[in-house]
Structures are given as structure tokens and as C-alpha cells.
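Knowing the structure of chain A, use the given hints to seat chain B on it.
Top line first, the protein sequences correspond to chains A and B. Numbering-wise, my numbering puts 162 at position 162 of the first sequence, and it's gapless, one number per residue. Numbering-wise, my numbering puts 33 at position 33 of the second sequence, and it's gapless, one number per residue.
These are calculated hints, taken from the structure and not from any lab test. Here the structure is a predicted model, which is why all the values come from computation and not from measurement. Hints are not guaranteed to be accurate.
[To be verified] Over the 10 angstroms line for every Cβ pair with chain B, so calculated as not near, a few chain A residues:
#	residue
1	Val84
2	Trp120
3	Asp179
4	Ser196
5	Ile211
[Said to hold, decoys possible] Pairs of lysine to aspartate or glutamate residues, derived as DMTMM-like cross-links and limited to a Cα-Cα distance of at most 25 angstroms, are as follows:
#	chain 1	residue 1	chain 2	residue 2
6	A	Lys175	A	Glu125
7	B	Lys40	A	Asp152
8	A	Lys200	A	Asp47
9	A	Lys175	A	Asp127
10	A	Lys175	A	Asp199
11	B	Lys40	A	Glu151
No residue lacks a Cβ here, since even glycine has one placed at the ideal position from N, Cα and C.
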Amino acid sequence: MKLTETLTDLANPTRFLALTARILPWLAGATAILLAIGLYQSAMAPDDYQQGATVKIMFIHVPNAWLSMFVWGVMSVAALGTLVWRHPLADVAAKAAAPIGAAFTFLALVTGSLWGRPMWGTYWEWDARLTSVLILFLMYLGLMALWRAVEDPSRAARAAAVLTLVGAINIPIIKFSVDWWNTLHQPASVLRMGGSTLDKAFLWPLLVMAIAFSLLFITLHLAAMRNEILRRRVRSLQMMQASRVTFASEAAAGPKEIGAA
Amino acid sequence: MSLGPYASFIVTSYALVAAVVLLLIVWIVADYRRQRAHLKEIEASGVTRRSGRSAADIR
Chain A
1 MKLTETLTDL ANPTRFLALT ARILPWLAGA TAILLAIGLY QSAMAPDDYQ
51 QGATVKIMFI HVPNAWLSMF VWGVMSVAAL GTLVWRHPLA DVAAKAAAPI
101 GAAFTFLALV TGSLWGRPMW GTYWEWDARL TSVLILFLMY LGLMALWRAV
151 EDPSRAARAA AVLTLVGAIN IPIIKFSVDW WNTLHQPASV LRMGGSTLDK
201 AFLWPLLVMA IAFSLLFITL HLAAMRNEIL RRRVRSLQMM QASRVTFASE
251 AAAGPKEIGA A
Chain B
1 MSLGPYASFI VTSYALVAAV VLLLIVWIVA DYRRQRAHLK EIEASGVTRR
51 SGRSAADIR
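In isolation and in its complexed conformation, chain A is listed as follows (with noise of 0.2 angstroms):
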């Protein structure tokens, strides 16, 4: 009951945007101080015995790959209040969400692949893991193209929910990929059936920099939803200003007669 409340609220953007206001400093703290810890003790963790201080790139690397794939699952839910629910602030959610996500399967990309160049002796290879999370990373070009290409953000809305729906199907195979198929990529470590395989000395800042990379994504979510609400009601006061301008200009011109030769 109490959850329906605070979502019908949520779904006024003017109380969404006080309610924001007051929070986001908050985050942005917490964000920065969890960061700050788990940067510290990223510098301080012991080198690996087989890949020595090259496993530093696991705890930017990974954070970014969980967040490419959450981010991602973040939109399909808001796809789901797009055409189920007609939630308002849905499709502000998942249009706001996308280019974060993008930038963080960029970095999982990037960095994966830094990584892999001294330890695989390779910069790329098209084996499955890989592939499938430079389609997603390309999925997310196409959904942002989309946005921009169709100017009624309504109509936008229900186009690109139905695309991130379809798309959705490539997070399963992104995480599953290294077990599906042979692939150059290491299976999982960390979230995998019978616990963890990573020792304490690197799980632990993996789990605080994952968390701290977590609050940046809901902290950067939220402020860029603040910032499509404000670019909406500059659309809707234009267009407001625009019949007001065209309005003016029929009555300073005067009546016209019908059928006037």
C-alpha cells in the first residue's frame, strides 16, 4: 500500500523534482565517499600471484560490466511502465538512463580490453562474451539514435520501449555467454552457484567500488530524469509560445472572407 503511494507520487514530475532535490546532494556524498574507499583500497590490494598488479583493472572493469548490463535492465522495467502501466515518468527514466549506460559498456569494453592485451595478448577477440556486449553497447547507440530521430516524445517512447523489450534478450546471453560457449573471457567469479572463487583481499574492494559505482549510476539516473523533465516543459512552453505567436499574426491580418476571389 505504502509503495503504491510513494509510486503514484512519484509519478507527479513537480514532486519528483522536490523530492530529488533534497536527495541528490545526499547521493552525490555517498557516491563520492564510497568511491574515495574503494579506490583506496583497489591501490592497496596485494598483486595477483598469476596476473600481478594488472588484477587493479578487475575493480573499474567489472563494476562498469554489471552496470552495462543493469542499466540496461533498468530501461526494461521502465519499458514495462511505458506500454503497461503508462507511467509518466517512465519513458523519462529509460531515455535519461541510456547514455550512462552506454558510457559504462564503453568503459567495460575499453577496459576489458586493456586488460586482456597483457594477460591474453590481445587487444580483441570475437569470441561470445565479447561480441555480445559490443552488440549491447551498439543497442544502446540505436536506442539513443531513436530518441533523437522521432521529435513526439510519446510516439518515441512507445517505439524505443518495444526495442529495449526485444534487446533485453541479449543480457541473459551476455551473462551466460562464458559458460554457453568456449570463449577466450573467464566465467564467473564472483556471482556464480557455490559462492565466490575470488579471495577476500580483492572481493572486498571489488564489492565496495561495484556499490560506489552503483550510487554514481542512481545519482547521474537520477539528475539526468531532472534534467528530461525541465527539457519537456521547454517543449511543451515553446510550442505554447509558438501558437501564441501564429494566433496574433491571424488576428493583426484580419478576418478573410470564404470563397473570396
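Just chain B, lined up with the frame of chain A:
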């Protein structure tokens, strides 16, 4: 803290993540300022929301 023979790969990774995250933050802050400026400009021209409340007042 020694980063070993692959220090350049590690430093480049961290620098790139920092640069992209900073870029995201700057882009979002700049976008917020741009939208607020647009709203104030339109409202100054006499166009207001049907509710009568200022669109730029979001607190």
C-alpha cells in the same frame, strides 16, 4: 606501490574511467543549466504553465 611491467595499461584504464565519468557529470550539469536558462527565457517572454507555477522553480 609498484604497478609492474604493465603499469601503462593499468594507469590508462583508471584515467579513461575517470575522464568518462567526469565527462558525464559535466554534460549533465551543463544540460541542467541550459534547460533552466531556456525556461527562464520563455517565462520572461510571458508564456507560463497552465498551473501558473514557474517551470523553472523545481524545489
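Hint check results:
1. Consistency note on A:Val84: stated as away from chain B, and its beta-carbon is indeed over 10 angstroms from all of that chain's, at 28 angstroms minimum.
2. In this structure A:Trp120 is separated from chain B by more than 10 angstroms, as the shortest Cβ-Cβ distance comes to about 12 angstroms.
3. The claim that A:Asp179 lies off the interface holds: its Cβ sits roughly 26 angstroms from the closest Cβ of chain B, which is beyond the 10 angstroms cut-off.
4. Once the 10 angstroms rule is applied to beta carbons, A:Ser196 is consistent with being away from chain B; the minimum gap is 22 angstroms.
5. Distance check for A:Ile211 against chain B: the nearest CB is about 15 angstroms away, which clears 10 angstroms, and the non-interface claim stands.
6. Our distance criterion of 25 angstroms between C-alpha atoms is met by A:Lys175 and A:Glu125, whose separation comes to about 17 angstroms.
7. Of the supplied pair hints, the one linking B:Lys40 and A:Asp152 holds, its CA atoms being roughly 23 angstroms apart against a limit of 25 angstroms.
8. Annotation: proposed proximity of A:Lys200 to A:Asp47 holds, straight-line Cα distance about 13 angstroms (limit 25 angstroms).
9. The straight-line distance between the Cα atoms of A:Lys175 and A:Asp127 is roughly 13 angstroms, inside the 25 angstroms bound, and the hint therefore holds.
10. Annotation: proposed proximity of A:Lys175 to A:Asp199 holds, straight-line Cα distance about 22 angstroms (limit 25 angstroms).
11. The suggested pairing of B:Lys40 with A:Glu151 holds, with an alpha-carbon distance near 23 angstroms, which does not exceed 25 angstroms.
Checked against the numbered hints listed earlier, the structure breaks none of them; every hint is satisfied.
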